[in-house]
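Taking the hints into account, I'd like the entire structure generated from these sequences.
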Amino acid sequence: MKKLLALLLTAIMCLALCGTVLADDEVVEIEFWYSFEEFMREPILAEIANFEAANPGVKVIASYAGSYSESNQKLLAAHAANQVPAVQQTIQTAVATFAANGVIYPIDEYIAANGDDMSNYAAGMYAAFNYEGKQYGVPAFCSVCPTFYYNKTFAEQEGIEIPKTWDEMDAFLRKATIKNEDGTTARYGLSLAGWGTAYFGPIWYANGASVYTDDSMTECALNSEASMAVINKIKGWVDEGLVKWYYGSGASASMRQGIIDGISFGGFHTCAVFDVYKSGLGANGWEVGTAFNPAGVTTVADLGGSGLTLMAKASEKQREYGYKLIKWLSSPSANMIIIRATGYLPVTTDCLNSEACAQWLEENPCLNELYAGLDAVQAVPSNTHWSDIGTKWQDAMAQIFNEGADVEATVEFLCEEINELLADD
Amino acid sequence: MSNAIKPKKQSAYKIRGKFYDFSCALPALIFFVVFTYYPLVELFRYSLTDWNLMKDTYNYVGFKNYQWLFTSAVGWKKMSSTLSTTFIYTIGDVLGSCVLGMLLALLFNRMSNTFKVMRTLVILPRYVTVSASALVFLLMYNDSYGLFNQLLVAMGMEPVKWLTSKSAALPSVIFFSLWRSVGYSMMIYLSAIKGLSPDYFEAASLDGANGVQKFRYITVPLIAPTTLFLAVTGFLAAMKVYQTVDIMTSGGPYESTNVIVYWIYTLAFQNYRVDRAAAVGFIFFLILLVCTALTMNVSDRKVNYDA
Chain X
5 MKKLLALLLT AIMCLALCGT VLADDEVVEI EFWYSFEEFM REPILAEIAN FEAANPGVKV
65 IASYAGSYSE SNQKLLAAHA ANQVPAVQQT IQTAVATFAA NGVIYPIDEY IAANGDDMSN
125 YAAGMYAAFN YEGKQYGVPA FCSVCPTFYY NKTFAEQEGI EIPKTWDEMD AFLRKATIKN
185 EDGTTARYGL SLAGWGTAYF GPIWYANGAS VYTDDSMTEC ALNSEASMAV INKIKGWVDE
245 GLVKWYYGSG ASASMRQGII DGISFGGFHT CAVFDVYKSG LGANGWEVGT AFNPAGVTTV
305 ADLGGSGLTL MAKASEKQRE YGYKLIKWLS SPSANMIIIR ATGYLPVTTD CLNSEACAQW
365 LEENPCLNEL YAGLDAVQAV PSNTHWSDIG TKWQDAMAQI FNEGADVEAT VEFLCEEINE
425 LLADD
Chain S
208 MSNAIKPKKQ SAYKIRGKFY DFSCALPALI FFVVFTYYPL VELFRYSLTD WNLMKDTYNY
268 VGFKNYQWLF TSAVGWKKMS STLSTTFIYT IGDVLGSCVL GMLLALLFNR MSNTFKVMRT
328 LVILPRYVTV SASALVFLLM YNDSYGLFNQ LLVAMGMEPV KWLTSKSAAL PSVIFFSLWR
388 SVGYSMMIYL SAIKGLSPDY FEAASLDGAN GVQKFRYITV PLIAPTTLFL AVTGFLAAMK
448 VYQTVDIMTS GGPYESTNVI VYWIYTLAFQ NYRVDRAAAV GFIFFLILLV CTALTMNVSD
508 RKVNYDA
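Residue numbers (our numbering), protein chains in the order written: chain X, 5 to 429; chain S, 208 to 514.
FYI, nobody ran anything at the bench for these hints, they're computed from the structure. Idealized CB from N, CA, C, for every residue including glycine. It cannot be assumed that every hint is accurate.
[Claimed, not checked] Derived pair list, reagent style DSSO-like, types lysine-lysine, alpha-carbon separation capped at 30 Å:
id : chain 1 : residue 1 : chain 2 : residue 2
1  : S       : K271      : X       : K183
2  : X       : K321      : S       : K262
3  : X       : K331      : S       : K262
4  : S       : K323      : S       : K421
5  : S       : K447      : S       : K284
6  : S       : K262      : X       : K138
7  : X       : K237      : S       : K368
8  : X       : K78       : S       : K421
9  : X       : K179      : X       : K237
10 : S       : K262      : X       : K317
11 : X       : K179      : S       : K323
12 : X       : K239      : S       : K262
13 : X       : K138      : X       : K78
14 : X       : K239      : S       : K284
15 : X       : K237      : S       : K373
16 : S       : K323      : X       : K183
17 : S       : K368      : X       : K282
18 : X       : K78       : S       : K447
19 : X       : K78       : S       : K271
20 : X       : K239      : S       : K373
21 : S       : K262      : X       : K328
[Stated by the list, open to error] Covered stretches of chain X, going by a simulated chain S footprint (3 or more residues, C-beta under 8 Å):
id : stretch
22 : 79-87
23 : 247-259
24 : 273-283
25 : 392-401
[To be verified] Restraint-style ranges between C-beta atoms, simulated for each label pair:
id : chain 1 : residue 1 : chain 2 : residue 2 : range
26 : X       : A427      : S       : F242      : 34 to 42 Å
27 : X       : D174      : S       : L443      : 52 to 60 Å
28 : S       : K262      : X       : Q161      : 31 to 39 Å
29 : S       : E249      : X       : E229      : 46 to 54 Å
30 : X       : T157      : S       : L495      : 40 to 48 Å
Right, dumping it as C-alpha cells:
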C-alpha cells in the first residue's frame, strides 16, 4: 500500500513538473496595463486578440490600470513588489523619471535584434520616449496640445478667418465675439483651457517665453518680458470679455460644452477629444473645424498623450514578447483604430501615408491643417517638480485672469515659489 | 506544607487563565501588529531614508527629511498650509455634524413614527459611496451647468464658483461632507436622547424649567459622552480626509483644499518622494496621537457618564 502511494505521488510530481515545463515552452503570459477610456477598449482589445492569434506562444492579460496617474501609482507599487506588467501605457512626462530610476527598460537591443527601422516614427513623438540617448518606448496614443477647435459653420456664415499667427488674434477675437446690449458677452471668441499647462503653455512658447531660463531648469523665467507680454495680452482679452479662461473642477467639461452649445466660438483643447467635438457640434447641426496653435516667433505645440514602454523587472521572455506587442499596437492598422475612436495622431509616416489615413482625412478635411504641423510638436520639458510647478503656474494664471489678482505681484510670487521648488532637492 | 502547595496551584491556574485571555486577544493583536504597528515602524524607517519607491536600494540619511519639513521654505510652507486647511475642514465637519445632528435628533425625537421615512432619508447619504456621491455633487457644483447655480440664477441671484474660487471651495467640500455625515450623528444622538430617563425632565418641569433650559441643563450634559464619541471619531476621520478632495478638487483651487493626506499622496506618487511623504505621515500620526490624547484627557475631567 505504501509503495503504491509513493508511486502515485511520484507520478503526480512528474506530471506536474512536465506540465510546468510544457506550459513554459508553450505560452508566455504578459501583462499589459492600459489607461485608455472604455469606448476605446473594444477595438484595441480586438487588436490584442489579433496579436495573440499571430503569436501563438503568447497570452496577453490586458487590464485597465486607471488614469495615467493611477496607473503610475500602481506601477511603482508593483515595481517595489517585483510584480510588474510587461508593458505599460506610459504618459510621456513620466518617461525621464522612470528611465532614470530603472523602472522601464530600454528597447534598443530589441530594435537591433529585429532590425527595425524606427525612422518611420514621427521624430518629435519618438524623441519623447528617449532618455540620455536610450530609447525607452514608442509613441502610440499621442495628441497635439493645444488643438484649436472652432465652429466651422459660424466661421463660414460670419466670414471669420481663423488666425494663423498671434498677431492676428486681436482682430479675430473682436469678430468672433458677440456682445449683448448691456455689454456682457453672449459668445466668447475663444475659450482657453487654464486647467492644464499642456493646453496654455504653448501660447507662451510660441511667443518666445519659457518656464525656465535655460535647459538646466534651475531658474523660473515666467517673469521675463516675453512671458509678461503674453499674460498682459490674455488678461486684456479676458477683461474685455473676448476670452474665457476655464480653470478648476469640471473646467474641461464646461469648456467643451460651452463650445458645443455655441457659448464660445472656439477653444484650445487636445486633439484626443476630436470625436467629442465633432459629434457634439454635429448634434447641434454645426460642423467642427480644427487648427494648429497660431504662430508667434515660432510655431510650436506640446505633445500630449502616451506611449508604450517595457518594464525593467519583467522577465527576459516577457520583455521580448512585450516588445512585439508594442510594435503591434503602434502599427498603422492599430494606430488607425485609435485615431478613429478618438482623434489621437498618426505616430508613424506609414500610418500617415496609408490609404486608411487618407480616407480618414477625406472624411475629416479639417484635420489636414493639424496634421501638417506635426513636425512642430515637442515633448514637454519635465522634471520631478513638474507636477507642482504646473499646478502653481495654472493657479497663478487663474488668479490673474479670473480673480483680478495683480499681475506683477502674482507673477513675482509665482517665480519665487517655482525657484524654491527648483532649489529644493 | 499545605501552605506551600496552595499558592503554587493558584499560580498555575492564574497563568492558564492569563494564557487563555491572551489567546483570545491574540487574533486582534496579530491584526494590529501586522496592519497598524508594523507599517508605523516601517513608515518611520522610510522617513530616515532617501527611498523614492523606484530604486531597489536606498541610503539612511538620518533626520534629513524632518529637517526639510521644518526648516526649508517649501517644506514648512506646505506643511503649515495643508495642516491649517485640514484643521479648518475638520472643525467645519465635526462641529457641523454634531450641531446639525443634535438638532435633527431633537426634531425627529418629537415626531411620530410616521416620520421614520424622513429619518431614513437623512441617514441614507452615509451609505452611498464617497466616489459616487462626490461625482454627483461635482456635477451639481458645476459653474456653468450645475444644479445649484441654475437654482440661484432662477431666483435672480449671481452664480457662485462653488469649486473654482478660493473662498467657496473649502466650504463646498465641507458641505458635501456634512451631507454625508449628519445623518449618522443624528441617529447616534437620537438613540442617546431616547435613552435619557424622563424623570429628569418631569422634575425640571415641576421646577418650572422651559424647553430651552431643559435642553441646556439636562439634555446637553447627559448626552455629553455621545458628543465626545462623535467628536473623537469624527475628528480622526475628518483629519484623514482624502477621497473627497481627490475627486472634487484635487487639492485646488489655489491649494485651498489641499489637505495633509492629499499632500502626502502627491509627495509620494507625483513627486516620487516617498521618504518625505513618510516623514510628513509620521509627524501627522504624532499630531493625531497628541490631539486624541488631549481630547480623552479633557473628557475624563469634563464629561459626565452618570446618565
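These are the hints, each one checked on the structure:
Distance check on the hinted pair: K271 (chain S) and K183 (chain X) sit about 58 Å apart at the alpha-carbon level, beyond 30 Å; violated. In summary, the hint linking K321 (chain X) to K262 (chain S) is supported, as the alpha carbons are separated by about 23 Å, within the 30 Å threshold. With a CA separation close to 28 Å, the supplied pair K331 (chain X) and K262 (chain S) stays within the 30 Å bound. A threshold of 30 Å between alpha carbons decides the hint, and for K323 (chain S) with K421 (chain S) the separation of about 25 Å falls inside it, so the pair holds.
The straight-line distance between the Cα atoms of K447 (chain S) and K284 (chain S) is roughly 20 Å, inside the 30 Å bound, and the hint therefore holds. Proposed proximity of K262 (chain S) and K138 (chain X) is supported: the alpha carbons are some 19 Å apart, at most 30 Å. With a C-alpha separation of about 24 Å, the suggested pair K237 (chain X) and K368 (chain S) falls inside the 30 Å cut-off, and the hint holds. Proposed proximity of K78 (chain X) and K421 (chain S) is contradicted: the alpha carbons are some 56 Å apart, above 30 Å.
As the CA atoms of K179 (chain X) and K237 (chain X) are separated by approximately 17 Å, the hinted pair is consistent with the 30 Å bound. A threshold of 30 Å between alpha carbons decides the hint, and for K262 (chain S) with K317 (chain X) the separation of about 12 Å falls inside it, so the pair holds. Of the pairs offered as hints, the one joining K179 (chain X) and K323 (chain S) is violated, with about 61 Å between alpha carbons and a cut-off of 30 Å exceeded. Distance restraint check for K239 (chain X) and K262 (chain S): the Cα-Cα separation of roughly 44 Å exceeds the 30 Å cut-off, and the hinted pair is therefore not satisfied.
Straight-line distance between C-alpha atoms of K138 (chain X) and K78 (chain X) comes to about 25 Å, which keeps the hinted pair within the 30 Å bound. Under the criterion of a C-alpha separation no larger than 30 Å, the hint pairing K239 (chain X) with K284 (chain S) is consistent with the structure, at around 29 Å. For the suggested pair K237 (chain X) and K373 (chain S), the alpha carbons sit about 24 Å apart, so the restraint of at most 30 Å is met. Proximity of K323 (chain S) to K183 (chain X) is assessed by CA-CA distance (about 53 Å); at most 30 Å being required, the pair is judged violated.
With a C-alpha separation of about 29 Å, the suggested pair K368 (chain S) and K282 (chain X) falls inside the 30 Å cut-off, and the hint holds. For the proposed pair K78 (chain X) and K447 (chain S), the alpha carbon gap of about 21 Å is at most 30 Å, so the pair holds. Restraint check for K78 (chain X) and K271 (chain S): the C-alpha separation of about 27 Å stays at or below 30 Å, so the hint holds. Between the alpha carbons of K239 (chain X) and K373 (chain S) the distance comes to roughly 19 Å, so the proposed pair stays at or under 30 Å and holds.
For the hint pairing K262 (chain S) with K328 (chain X), the CA-to-CA distance comes to about 27 Å; that is within 30 Å, so the pair holds. Check result for the stretch 79-87 of chain X against chain S: holds, 4 residues qualifying (beta carbon to beta carbon below 8 Å, three or more required). Proximity of the stretch 247-259 of chain X to chain S, defined as three or more residues with a beta carbon under 8 Å from a beta carbon of that chain, is established by the 7 residues found. Look at the stretch 273-283 of chain X against chain S: 0 of its residues bring a Cβ nearer than 8 Å to a Cβ of that chain, fewer than three, so the hint is violated.
Three residues within the 8 Å Cβ limit are the bar, and the stretch 392-401 of chain X against chain S gives 3, so the coverage statement holds. The given range of 34 to 42 Å is respected by A427 (chain X) and F242 (chain S), whose C-beta atoms sit roughly 39 Å from each other. In this structure the supplied range 52 to 60 Å holds for D174 (chain X) paired with L443 (chain S), their Cβ-Cβ distance being about 56 Å. For the hinted restraint 31 to 39 Å between K262 (chain S) and Q161 (chain X), the CB-CB distance of approximately 59 Å leaves it violated.
Distance hint check for E249 (chain S) and E229 (chain X): the Cβ-Cβ separation is about 51 Å, which falls inside the suggested range of 46 to 54 Å. The hinted window of 40 to 48 Å between T157 (chain X) and L495 (chain S) is violated, with their beta carbons roughly 58 Å apart.
Comparing the model with each numbered hint stated earlier shows that hints 1, 8, 11, 12, 16, 24, 28 and 30 do not hold.
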